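Number of protein chains: 2
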Amino acid sequence: MVETIQWADAGVVMIDQTRLPREEVYVTCRTYQEVAEAIRTMVIRGAPALGVAAAMGVALGMQRVEGEFRAHLDRVCATLAATRPTAVNLFWAIDRMKRLALKLEGQPHDQIAAELVAEAQRIREEDIEINRAIGRHGAPLVPDGKRVLTHCNAGALATAGYGTALGVIRAAVEAGKKIAVLADETRPFLQGARLTAWELQRDGIETTLITDNMAGYFLKRGDIGCVIVGADRIARNGDVANKIGTYSVAVLAKENGVPFYVAAPLSTLDLSLASGDEIPIEQRPASEVTHVFGVSVAPEGIHVENPAFDVTPNRYVTAIITEKGVARPPFEETLAVFAQK
Amino acid sequence: MVETIQWADAGVVMIDQTRLPREEVYVTCRTYQEVAEAIRTMVIRGAPALGVAAAMGVALGMQRVEGEFRAHLDRVCATLAATRPTAVNLFWAIDRMKRLALKLEGQPHDQIAAELVAEAQRIREEDIEINRAIGRHGAPLVPDGKRVLTHCNAGALATAGYGTALGVIRAAVEAGKKIAVLADETRPFLQGARLTAWELQRDGIETTLITDNMAGYFLKRGDIGCVIVGADRIARNGDVANKIGTYSVAVLAKENGVPFYVAAPLSTLDLSLASGDEIPIEQRPASEVTHVFGVSVAPEGIHVENPAFDVTPNRYVTAIITEKGVARPPFEETLAVFAQK
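Sequence order for the protein chains is A and B. Going by our numbering, the residue at position 211 of the first sequence is 370; the numbering climbs one at a time, nothing skipped. Going by our numbering, the residue at position 301 of the second sequence is 460; the numbering climbs one at a time, nothing skipped.
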């Protein structure tokens, strides 16, 4: 399996997801600012992977404390938190690291540094375990002998390993089900074409790449057994923020009677939000739409909007697959139970 | 206005739509085989423009008759008909030219050649008139002060001039309405990003480019007054074949209470088909999905499906705007009336 992100003596090592699938290049972030920049430019992306990256960023930033401890900790955390607004796992991981750092305050610096690294590595290892559990819970939901449609990349590359949506697919395949994947290319950043197609191809899972606007055609034709996607933030009521285009797929799935599943760790749950309307939607640069690998595809000077996420209202979501089990509507109740476990 | 296709002494002159918006290059087809190749490779595309191209292709092919008259005519028509299967205007124009050729059989060759050229030019001029009429009928339907969403390119470049969907927008703007356009980029061939954005920008009509999977986000947000698209073939019951992704936009429009209009000449109507299920859907090469302007965006060897069109069932269509007026459900009845007029 691909190593999305690892802690090394030299710093935080990530596979550069902006250069896949054309080049398999690993970059080493030697400062927390470099980790923040890697998150901002999407060298690493995917909600759970962003959590791990942010945790390792905090650990890296706390290896050497400049000035006052709390002021330095705040600076490190604020820099990492200011990178991308939608995926809540990022803030969850920063909070967890910050709480530990504050608990350790006053201890010998070497010990604080070592414990924060250990915690970041624990978050990484837990994420892989969580994904395996999501896979175990989700695999029985996947119809045998049919196609699964997925959007964006909620795979090994979006996590510390194994994947959430693709983890469910991997677990179903491991359980002996005959499954083929239909992967939306996911414009503008092409996570489906570049990342999902790449990692499933490496795993030998039969994959067909389509453009985003073909999903409706295949859902209507009836050969898709279910849709499985990841999530960047889930509100208390089960509204799901995920990669732009997810909402459209959910509406088209419902219109055609196809189950729509969201696979995500409970760290994606934001119980502070009553509904998805409160989730901040990141607007990204126009150049992602007007250029593909540096090649211009639109007239110069054209106005662009580039919301990176959308919110799928809970009424389109058949179930949310978490590491503690499968939550079904009413999500306000079922998610609350899992969150308390 | 851009000249999409014209008859010249040297042959049929077209703007090369595969190279827009980066280069404004005109190509001259000197044989009917070259016209067929231009249609196949999408140097020219758009249902009404394909009708004009096919008509001019027949005229060009009949300038010199090789062998027996009818055999030659059949060869010319069959070559042009074998290019693209979905847009019915292509077959409609070939039939019209063939009928005239058969009527002229036995006349002096120079006269036949001249009359076929005149007929092809008439089809071109009629198309512009038809588009103006579609614009007049459609303009009152466009809500003032709101955005119009369009998919693919149903503009001047998809016709002999003015456009069908974009003709309605142009007519609404000419009538003084304040309208901004939201243009789906329309993967894989990017007709929205490359052609719609380009021609609306030239006309000074405010245009925002989005990726296809953002349409749902904007429809849900409530700032779109209506959707207007073109059509490649309309069945007797009002089912509409149009560029892949149209079905998704139609479902999302209905889900959000936004009117969904189809603008098309009556030559797009195929009364021989009871429903859209019978419309042949062209499958195009994988390379259109895996490569953008020659740049690879997916792992090598990945499997691709590339249906170029989809069918929108009539229940999602608010109205069909034709040159004879606006047809509303039940389309089986209203379209039949227009077709007989």
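Hints were generated in silico from the structure; no laboratory data involved. These numbers were taken from a predicted model, which means no experiment stands behind them. Beta carbons are placed, not taken as given, at the ideal position from N, Cα and C, and that holds for glycine. Be careful, since some hints might not be right.
In silico PhoX-like cross-links for lysine-lysine, where the CA-CA straight-line distance does not exceed 20 Å [what the hints assert, rightly or not]:
| # | chain 1 | residue 1 | chain 2 | residue 2 |
| --- | --- | --- | --- | --- |
| 1 | B | K336 | B | K379 |
| 2 | B | K305 | B | K337 |
| 3 | A | K413 | A | K379 |
| 4 | A | K305 | A | K257 |
| 5 | A | K483 | A | K305 |
| 6 | B | K413 | A | K379 |
| 7 | A | K305 | A | K337 |
| 8 | B | K413 | A | K413 |
| 9 | B | K379 | A | K413 |
Stretches of chain A that chain B covers, calculated by requiring three or more beta carbons in the stretch to come under 8 Å of a beta carbon on chain B [said to hold, decoys possible]:
| # | stretch |
| --- | --- |
| 10 | 218-224 |
| 11 | 335-346 |
| 12 | 464-474 |
Now for the hints, and whether the structure bears them out:
1. B:K336 <-> B:K379: violated (23 Å)
2. B:K305 <-> B:K337: Roughly 7 Å between the alpha carbons, so the hint for B:K305 and B:K337 holds.
3. A:K413 <-> A:K379: holds (10 Å)
4. A:K305 <-> A:K257: With a Cα-Cα distance of about 45 Å, the restraint between A:K305 and A:K257 is violated, given a limit of 20 Å.
5. A:K483 <-> A:K305: Given that 20 Å is the threshold and the Cα spacing comes to 26 Å, the pair is violated.
6. B:K413 <-> A:K379: Status holds; Cα separation ~16 Å.
7. A:K305 <-> A:K337: Cα-Cα ~7 Å, so holds.
8. B:K413 <-> A:K413: At roughly 13 Å apart (the allowed maximum being 20 Å), A:K413 and B:K413 satisfy the hint.
9. B:K379 <-> A:K413: Cα-Cα ~16 Å, so holds.
10. 218-224: Per the Cβ count (0), the hint is violated.
11. 335-346: Per the Cβ count (4), the hint holds.
12. 464-474: It holds: at least three residues are needed, and the stretch 464-474 of chain A offers 4 whose Cβ sits within less than 8 Å of chain B.
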